[in-house]
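Participant: Listed in order, the protein sequences are those of chains W and Y. Here my numbering is used: position 364 in the first sequence is 364, and no number is missing along the way. Here my numbering is used: position 408 in the second sequence is 408, and no number is missing along the way.
Because the hints were derived from the structure by calculation, they are not lab data. By construction, the Cβ of each residue, glycine as well, lies at the ideal position given by its N, Cα and C atoms. Heads up, a few of these hints could be off.
One side only, chain Y facing chain W, incomplete, derived with CB under 10 Å [said to hold, decoys possible]: (1) 164; (2) 243; (3) 389.
Across the chosen pairs, the derived CB separations fall in these ranges [unchecked claim]: (4) Y:61 <-> W:53: 43 to 51 Å; (5) Y:438 <-> W:222: 37 to 45 Å; (6) Y:282 <-> W:454: 38 to 46 Å; (7) W:126 <-> Y:298: 29 to 37 Å; (8) W:53 <-> Y:346: 24 to 32 Å; (9) Y:438 <-> W:200: 38 to 46 Å.
Spelled out, the chains give:
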Amino acid sequence: MLRYNFIYELRLLLRSRWIQLLSLLLLVLFGFSTFNGEQKVQKRRSDIAAAKQEVQESDQAMIKLLDSVERGMEVSVPYWTIPTSPMAVGNYYPRVAAMEPQPMSFVSTGQADLFTHYMKPTVSGDDFTLNFTEMSSPVQLLFGSFDLAFVIVYLLPLLIIAFTYNVLSSEKEQGSLRLLASQPISIGKWVFQKLILRFFWLSVLATFSLLATIFLVGIGPFQWGAFLSLLALTLSYMLFWFALAFLVNLFVGSSAKNAVSLIGLWVLFVLLTPSVLNQLGSKLYPMPSRTLMINKMRERKAAATERQDEILDNFLRDHPEYAINDSTQTRSFYHRYMASQEVVKEELQPIVNEYEKQLQKQQTWSKQLQWISPAIVVQESLNQLAGTSTDDYENYRGQVMGFAEVWREHFMSFLYNNQNFSQADYPGLPQFHFEQRKDKSVLTVPILLLMTIVMLCCGLLASKSLKTGKVLS
Amino acid sequence: MILKTFFKESKEVWRDGRVRIAFAIVLSLLGIAIWISARQYQNINEQHQMAETTERAIWDNQGEKNPHSAAHYGTYAFKPKYPLSLVDQGVDKYVGTSIFLEAHKRNEAQFSAAADQTGLARFGDLTPDFILLFIVPLLIILLGYNSFTKEREMGTLTLLKSQGISSWKWVMGKWMALFFPIFVLSAILFLIAGFILSNLQDFGVFNWSSLFTMFWIYTGYYIIFINIVLFISTRVKKSGIALVLSLSVWILACLAAPKAASNIAETKYPYPTRQEFAANVLKDKQGGLDGHNPWSKESKLLEQKVLAEHGVDSIHKLPFNFDAYRMQKGEEHEAEIYFKHYNHLKEQFTRQSNVYRGLAVVSPYLPTRFLSMAIAHTDYATHWDFADAAENYRIATQKFLNDNFAENSSYGEWAYRADADFWKELPDFNYDPPELRTILTNNASSLWILGTWMVVSFSILLLTSKTI
């Protein structure tokens with residue numbers, strides 16, 4: 001029976017031009033979205049490369065300046081930017097702390113349009129107010145990006161709905177259901193086979209169009225492992241929607257009613273659940289007001305400025321390691337400033353941590369509840385795959401903060417020892433290396449498949465009790 | 001005849017259980033959305049008030065200080081939230097809410113809400129604008145997809161044709177039956193919103209005429225959808241296909257077109273990255289007058305010019321503190337640089353807006369979205385307006401401080417301290433968003449596009465009605 005169904009279905013799909021239409025649609029959608037994604041990745045790469053290039057050039061200028069100063073020549077730059085002063089190097093010659101794109105970054109824009117991909121922390125800057133958001137038009141952020149993840153999460157289910165909503169009902173409406181009922185196969189099993197075959201063909205088309213677009217757009221470096229996880233995610237998400245369509249086909253009724261129910265489910269899973277969960281999340285774990293944080297920060301800073309001298313004394317008592325080799329005991333603006341900066345930072349740390357903590361809580365909460373809607377699960381997994389999820393940017397933020405600390409520490413000993421920066425110190429400057437996150441979850445696909453199988457089994461079991469006569473009438 | 005059709009169709013729609021359920025769902029969703037937004041609005045407004053008064057107190061109580069130190073110490077401008085943001089949140093979530101105003105530097109608004117939320121936030125929020133823009137058109141599709149196809153399927157079409165009714169009257173009757181419930185639904189929503197807003201403690205710039213304009217814009221948007229859905233229903237033979245086609249239009253207009261537009265706009269007219277922008281500004285600054293650097297070529301030139309103007313041979317003999325004067329000139333020069341670079345951003349934004357306008361040809365969603373945000377004061381243009389106002393205030397503040405420094409001290413007197421009471425003389429920062437009339441003139445093109453959509457879709461529906 002499966003063999004007949006297979007041949008019949010293929011012929012039907014070809015003659016009704018469904019296969020041709022779907023291939024075209026998939027190619028266009030995948031092509032346009034992959035192209036968009038790749039363009040963004042390219043821009044990100046070239047931005048980072050340009051920034052690194054610039055640092056290299058200014059480094060060469062710095063070495064030249066140092067050389068001139070060391071040989072006792074006059075230099076034509078403002079005195080506070082001469083790189084013999086360690087603070088000048090720390091402030092005017094920062095390193096690029098970049099988050100390079102991953103091989104699959106083209107798949108999902110995720111948070112990539114919201115956050116920046118390279119920073120240049122300086123010694124006297126406030127780490128906790130480092131602005132990690134990117135300069136982008138808020139209209140773009142509001143509308144989002146036409147990326148592969150959008151096609152998979154939003155549009156593929158709609159294609160599936162259009163492809164499956166009337167599998168059973170159209171037979172009824174055409175009157176061919178009676179013919180079918182006379183065949184030696186139960187209605188449930190027949191619908192099941194028909195949908196599985198349609199799923200099979202759509203999977204084949206999706207796989208080939210995906211491969212074709214990736215090669216046409218020219219994604220490199222191509223990774224089979226990552227591609228296979230993308231494919232596994234896509235196919236299991238598709239299967240989920242086919243399972244839904246199976247249940248609706250069995251239990252709802254006329255074509256139009258089926259379509260309405262399926263669209264209702266789509267609105268529920270893709271549009272409503274995520275927005276309700278997001279709002280509940282920010283209601284349950286509200287972010288403290290940033291404007292009030294500014295007030296607190298300003299008050300602490302004003303207080304610290306007033307007792308700068310006292311702070312400096314305490315600081316040097318607490319950190320004797322900084323001034324081990326200092327023989328001059330000179331104290332300048334920066335000695336006091338850096339010390340009070342440190343104090344302000346320590347005082348504000350709990351306030352800043354509050355934000356991280358709340359975000360973490362929201363994150364954990366949404367991770368627990370994401371299974372209410374497979375759309376969230378798949379979007380999140382695609383973001384993880386692309387390295388553009390909130391977690392990834394959290395990770396990057398942490399690493400940049402860490403690097404800013406290393407950078408500052410590096411110059412602190414120069415400062416408090418009143419030691420000049422020289423050419424010989426240049427190779428010892430700290431460099432930033434971005435580490436990818438390692439705790440990527442691998443359970444998404446199995447859980448999604450399990451959900452789908454449960455749904456399919458329920459459908460098959462329930463269809464046993466479904467009387468053929470009832471379907472016919 | 002139009003009325004008779006209207007009553008018959010309305011009765012039929014009302015008797016359909018699914019329709020009643022759909023209406024109930026949409027209404028309750030709207031209720032929840034309004035409630036959440038009202039709570040949020042109040043919350044944010046309280047925080048805003050508090051931040052503003054605290055910040056002003058910090059500024060006023062600086063004590064004796066050199067005016068230029070105070071300029072570096074700086075102050076903050078906080079962006080208020082406007083009453084109609086209750087209906088349309090617009091881009092509020094994605095723009096910063098506070099701008100640091102300091103010497104020598106124009107800063108961007110910081111701390112957007114979206115940056116403090118999880119990735120879920122990118123799916124969107126359950127706000128009234130989400131329901132108005134996405135869900136209500138879906139409801140229209142649900143109510144109207146089979147308006148004509150059902151006559152075909154039930155075989156009543158031939159009966160109808162044998163009646164003496166002209167087809168446009170028949171279409172108008174059906175049109176009204178679809179329009180009426182949607183109109184009532186959105187009227188109720190806007191009335192509720194109006195009452196909530198006028199009962200809020202500090203409803204500032206809320207006025208009913210803005211709300212009414214918004215209501216009419218949404219009504220226009222729904223009329224377009226009604227026309228499209230009915231047109232599809234008259235052209236197609238089966239209800240199922242009519243439904244799928246109408247939904248495709250919805251997906252294209254509300255989901256795909258905006259996203260595609262944002263991609264096209266970004267690749268064609270990109271913004272610089274934040275670091276790039278900062279580097280460009282720095283490069284321009286280095287070539288010009290720096291208020292803190294008396295040794296640069298530009299400083300020397302300025303010195304000669306001022307000496308010649310006052311007919312003295314030394315800056316010590318000038319009637320004001322030349323340090324402060326140079327500081328002010330440097331400030332003016334830097335302000336110009338910022339003006340140039342931010343203007344470039346603004347130009348990119350204008351060009352991007354033109355891309356969006358161009359794509360409005362395939363999507364009535366786009367002009368509606370932009371108009372609604374503009375009226376609610378939650379669009380990008382209002383944000384620019386606010387940022388510009390803050391910048392003007394910053395420049396005025398710098399002049400206020402530098403003038404005091406210049407008039408009350410002599411050259412080289414960096415130890416000068418202004419009185420502790422001096423800071424209170426600085427006027428408050430006040431920002432008034434553009435008036436409704438200005439907004440409508442600025443967005444006239446969106447109004448035209450929406451109007452054209454309405455007229456064209458309506459005429460197509462009526463003109464083709466003969467051949468049903």
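Participant: Output the numbers, in ascending order, of every earlier hint that fails for this structure.
Facilitator: 1, 3, 5, 6, 9
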